[in-house]
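Whenever a hint applies, use it, and build me the whole structure from the sequences.
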Amino acid sequence: MTGFLLTVHVIGAILTVGPMAVATSMFPRAFRSALSAPQDLRKAGIVSVLARITRVYSLIAVVVPIFGVATAASLGVLTDTWLIISMALTVIAAAVLIGLILPGQRRLLDLLISPDAADEPGRSSSQPAVYVGIFNLLWVVVVTLMIYRPGSTTGVS
Numbered sequence: 154m155t156g157f158l159l160t161v162h163v164i165g166a167i168l169t170v171g172p173m174a175v176a177t178s179m180f181p182r183a184f185r186s187a188l189s190a191p192q193d194l195r196k197a198g199i200v201s202v203l204a205r206i207t208r209v210y211s212l213i214a215v216v217v218p219i220f221g222v223a224t225a226a227s228l229g230v231l232t233d234t235w236l237i238i239s240m241a242l243t244v245i246a247a248a249v250l251i252g253l254i255l256p257g258q259r260r261l262l263d264l265l266i267s268p269d270a271a272d273e274p275g276r277s278s279s280q281p282a283v284y285v286g287i288f289n290l291l292w293v294v295v296v297t298l299m300i301y302r303p304g305s306t307t308g309v310s
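In terms of our numbering, the sequence shown is residues 154 to 310.
No lab work stands behind these hints: they were computed from the structure. Mixed in with the good hints, there may be bad ones.
[Said to hold, decoys possible] Quick list of simulated restraints, FRET-style, between CB atoms: (1) 231 with 280: 34 to 42 Å; (2) 247 with 300: 15 to 23 Å; (3) 247 with 280: 50 to 58 Å; (4) 227 with 194: 48 to 56 Å; (5) 297 with 219: 15 to 23 Å; (6) 247 with 227: 20 to 28 Å; (7) 248 with 163: 19 to 27 Å; (8) 227 with 190: 49 to 57 Å; (9) 303 with 244: 15 to 23 Å; (10) 208 with 244: 13 to 21 Å; (11) 182 with 247: 21 to 29 Å; (12) 304 with 192: 52 to 60 Å; (13) 287 with 213: 17 to 25 Å.
Where is the CB? At the ideal position from N, CA and C, for every residue including glycine.
Below is the structure:
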């Protein structure tokens, strides 16, 4: 059963967190491009699709920590420091996504739709880019902890 839980956890992470990381990273540049060419509806469509990918995949990604905790319980490592830190960083990444990135994307999409969007300064997309950097860096640290498992007996070093 542990193998199944771990497989779903890893595949879920790859198929949900990966696309979210890419879509959130592409969003600020796509927004700036769409803002500079308000007549190009294709560019606005790209921004909308990137926001939708982030939103939808963030909902599906809930399976990742659920299966992660189930896997950890099955392996008896729920109290290991590396896992506790990974879970805390995952909560922080989720908070950055839910509290900063998703509302920021919504706000920028609204700016793009409004007739005054062309008058808005380009800096509007710089703040979300910072949040995206933090979000993706948190995932890099979590994945590193999941692979190296400091203090465990996996033999990876």
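Do the hints match the structure? See the list:
1. 231 with 280: 34 to 42 Å: 36 Å, holds
2. 247 with 300: 15 to 23 Å: 21 Å, holds
3. 247 with 280: 50 to 58 Å: Distance hint for residue 247, residue 280 is violated at roughly 19 Å.
4. 227 with 194: 48 to 56 Å: Given about 50 Å between the Cβ atoms, the range holds.
5. 297 with 219: 15 to 23 Å: 22 Å, holds
6. 247 with 227: 20 to 28 Å: Because 23 Å falls inside the window, the suggested range holds.
7. 248 with 163: 19 to 27 Å: 23 Å, holds
8. 227 with 190: 49 to 57 Å: Holds, at about 52 Å.
9. 303 with 244: 15 to 23 Å: Holds: the Cβ-Cβ distance is about 19 Å, inside 15 to 23 Å.
10. 208 with 244: 13 to 21 Å: At 19 Å between Cβs, range holds.
11. 182 with 247: 21 to 29 Å: 24 Å, holds
12. 304 with 192: 52 to 60 Å: 57 Å, holds
13. 287 with 213: 17 to 25 Å: The hint (17 to 25 Å, Cβ to Cβ) holds, given that residue 287 and residue 213 are roughly 22 Å apart.
Hint compliance for this structure: hint 3 is the single one not met.
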